[in-house]
Amino acid sequence: MTLLPLAPDVLLGVALLFTAWRALYTQALFPAVVFFVAFGMLLALAWMRLQAPDVALAEAAIGAGLTGALLMAAVARLRGRDEDRP
Amino acid sequence: MTGQALYAVLGCGLFCLGFHALVVAAHPLRRLLAVNVMGSSVFLVLVAGAAPGDPLPQALVITGIVVAVAATALGLNLLLRLAVPAAADEPADGEGGS
Amino acid sequence: MKAFASAALALLLAGLAAVLAWTVTRPVTPGRDVPALIAGALDVSGVSHPVTAVLLNFRGYDTLLELVVLLIALAGVRCLAPLPPPRGSAPVGGVLRELASLLLPVLVLVAVYLLWAGATRPGGAFQGGALLAAAGILALLAGRDRFLWRLEHRLWPLACLGVAVFLAVAAGTLAAGGVLLGLPSAHAGTLILVIEGFALLSIAVTLVALFLGTGELEDRDP
Amino acid sequence: MSDSVLLPLLVLWPLAGGLAALLAPRIVGLVLVAGTLGNLALGLFLAVTLPGGDPLAHDVGGWGAPLGIALRADGLSAILVLVTAFAAPWLALHASAAYAEPERRYFAGLFLLFLAALNGLFLAGDLFNLYVTLELLGLSAVALAALGGGPAALAASLRYLLATLTGSLAYLLGVALLYRAAGTLDLAQLAGQGTVLPGGAVAFALMVAGLLLKAAVFPLHFWLPPAHANATPPVSAALSGLAVKAPLYLVLRLWLSLYDGAWPLVAELLAALGAAGVLWCSLQAVLQARAKLLVAYSTVAQLGYLLVALALVPAAGLTAYGAFVVLLVSHVLAKAGLFLAVGNLARRARHDRIDGFERVVHHMPLSAGAIALAGVSLMGLPPSGGFSGKWLLLQAGIASGRWWLVAVVLLGGLLAAVYIFKLIEHTFGGSDRPEATALPRRMEWAALALAGSAVGLGFLGQPLLGLLGGVP
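As you go down the protein sequences, you meet chains A, B, C and D in turn.
All letters in the first sequence, in the order written, are residues 488 to 573 by this note's numbering.
All letters in the second sequence, in the order written, are residues 113 to 210 by this note's numbering.
All letters in the third sequence, in the order written, are residues 3 to 224 by this note's numbering.
All letters in the fourth sequence, in the order written, are residues 2 to 473 by this note's numbering.
Do not take every clue at face value.
As the list claims (entries may be wrong) - Now the in silico label distances, taken between C-beta atoms and shown as ranges: (1) A38/C with G193/D: 22 to 30 Å; (2) E154/C with F460/D: 22 to 30 Å; (3) A563/A with S103/C: 22 to 30 Å; (4) G179/C with G467/D: 27 to 35 Å.
It should be emphasised that the hints constitute simulated quantities derived from the structure, not laboratory data.
Note that this is a predicted model, so its numbers are computed, not measured.
We put the beta carbon where it would ideally sit given N, CA and C, even for glycine.
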């Protein structure tokens, strides 16, 4: 295995955990989705660190970009409704 | 620990975090987010767990990302149809479907 | 009781995370060097970029089924929320409109570039398709009604085109050589580019339509 | 051209059919007929080709493992492909009358793609390809469950979607661990390796947990009753009959081939879950007031028998393997027939409360007959397929020293008799009700044909076991 310098990876890992945690446990939905998109963008960086540029591109374009757009559109539509009822 | 192993371990943690949110969350949109986080974590384990730079798991993950967006789109549409009664304009059918 | 249950769940998942972390850090000796095997077969795969070779040639069957997953999602969405006939979309501010006009051709160009690049370096139909879809969504937001109308009236032919071409190649290889997706190495590069080109278009159209499936509901907002 | 071409054709044909249905809504009826009957012809061809020789294999792309993907068929895959192919035309026949446009188009497209997913899953020889087929199956099933339904159906579909995605991801995490340890995804290359590879046990636990969730095995069945009970009848029949069998098949396949049926604890655990599911969910079925919910709980209960049979395969060998297959096939036929028949009753009555089905037998004798015939098989009365299966299961239980199984089978059968008679009592008895809308006859014939086949299967046990061959 190649030994990568660890510091940036630790930082990225912490940031990933933080954004995922905020995306999953923030009360309001809109900031949760924003954190989710940030999570996706950071994940794209992680794919670069893992020597997987193809996955990074796919993650940025689809995982964060399009999924984010879908989620934003949905949240915009849900706005003003009871947050905890489907 | 190598950087790659770090990401594999991170994937394991994210998987459990996502699963926890899936179980405790009330809103279906949050559950979709949780499933997406779980998906990303599995992809991390796939790539970071294998040999460095192995193209095979990378291709698998690209497939997985596309499957995930398709499932998310379907889930969001179901969710919106439920949450926005004005849009769900067909009346509830009596045929056992109530 | 509820506090006990949530504590038990958290403990259980922490335990699971520990077991998983232990498992993924255990030393392994796979005994098969897959990257080397891929590098060895790259010459006859028709492309020089290994990830594209896996996606479109070695494991092309997976990719065919994955395109079908997109179609299924589209069918699932469309049978819930049929698109209304196009009306004037929500007008967006002039700045965004200008920006969209500027960005649109760039996005389309980058998408096509990604497709072409996939043969030799990172890129490919999925990433390119997503970018093209982004261009499409931008066009929608900028209020290009004609685009929406065209999309609506040719949705299924456009969305199915990628799978149809892939299926045709699959059936052709089966009929010609008796091997599903056994691409002859002399023509593999061309066939992959054809498959990817149509897949790119269908992926983009499907993704835009999936977006519309949710976004379209907004138009009905009182 | 070699016989192995059959395997890709079994995937390509329904795939092309699904595409045609989505592209050409005007000829949707024709596409459904051609798609399902062509699939049946291919399935029959596979069944007659197989027994003479070895299992068939097709190397997709000609690369061979670990680079490429293999399709494989042995007796078990062939039987599952065949029973799916046999049930499909009847479901399509029922659907051709049950739906109007535009639902018919989407049903046809999604149903044919659903068939392609099932065939692809039964024939896949690669762990990741199995994941893709699982997702194809799950998403098409969710889309079908939401088709033409009201809010209850949508809510149930959303829950179904989340459950099926979670199950797939747990499975995929297991696959990731196996790939990491072995450097291959090919089932044949991994054969017998599961217990040796580092992390193999963890991978097994993840894959099986995910698949049991997808199969709605007790106590992971929470999502199934609402999803199956609120869908439209042909979809309920397809989901309850076919969709939940696929993950169970995969559990059996992975456990036997990758892990050699290892760890006695696994067998005990699966058998206990199965037995508990039979008893608990049969009881739940008895308590339901809505007919479709009753039938849906009956599905979870019957899945329990399958799980017990599966658990006994390492100990009891071919007897338990045969029990699994005969029970599975007879449940596909009986449950599909029962759901269609109950759907017919509910459509005519415009509700599915059991106490509102009085004297239906006068107006819908074929559907009432279908309920009775399906009931015979579900209760396990001779000469039905359900009886043969339970008989084999009892033999397997006694051969492996599990006498408690006798009690479970007897009690489960008794409870099944109670819930079936609850249905029959109201359809055959009670006071006459005013005439309601008439139903196209083909909807009734489809139900009767499937339920009748479940009973007829009792006479076909031997050929079925012959096609099955030995334990893999």
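Against the structure, the hints come out as follows:
1. A38/C with G193/D: 22 to 30 Å: holds (25 Å)
2. E154/C with F460/D: 22 to 30 Å: Violated, since E154/C and F460/D (Cβ atoms, about 54 Å apart) do not stay within the stated range.
3. A563/A with S103/C: 22 to 30 Å: holds (24 Å)
4. G179/C with G467/D: 27 to 35 Å: At 34 Å between Cβs, range holds.
Checked against the numbered hints listed earlier, the structure breaks hint 2 alone; every other hint is satisfied.
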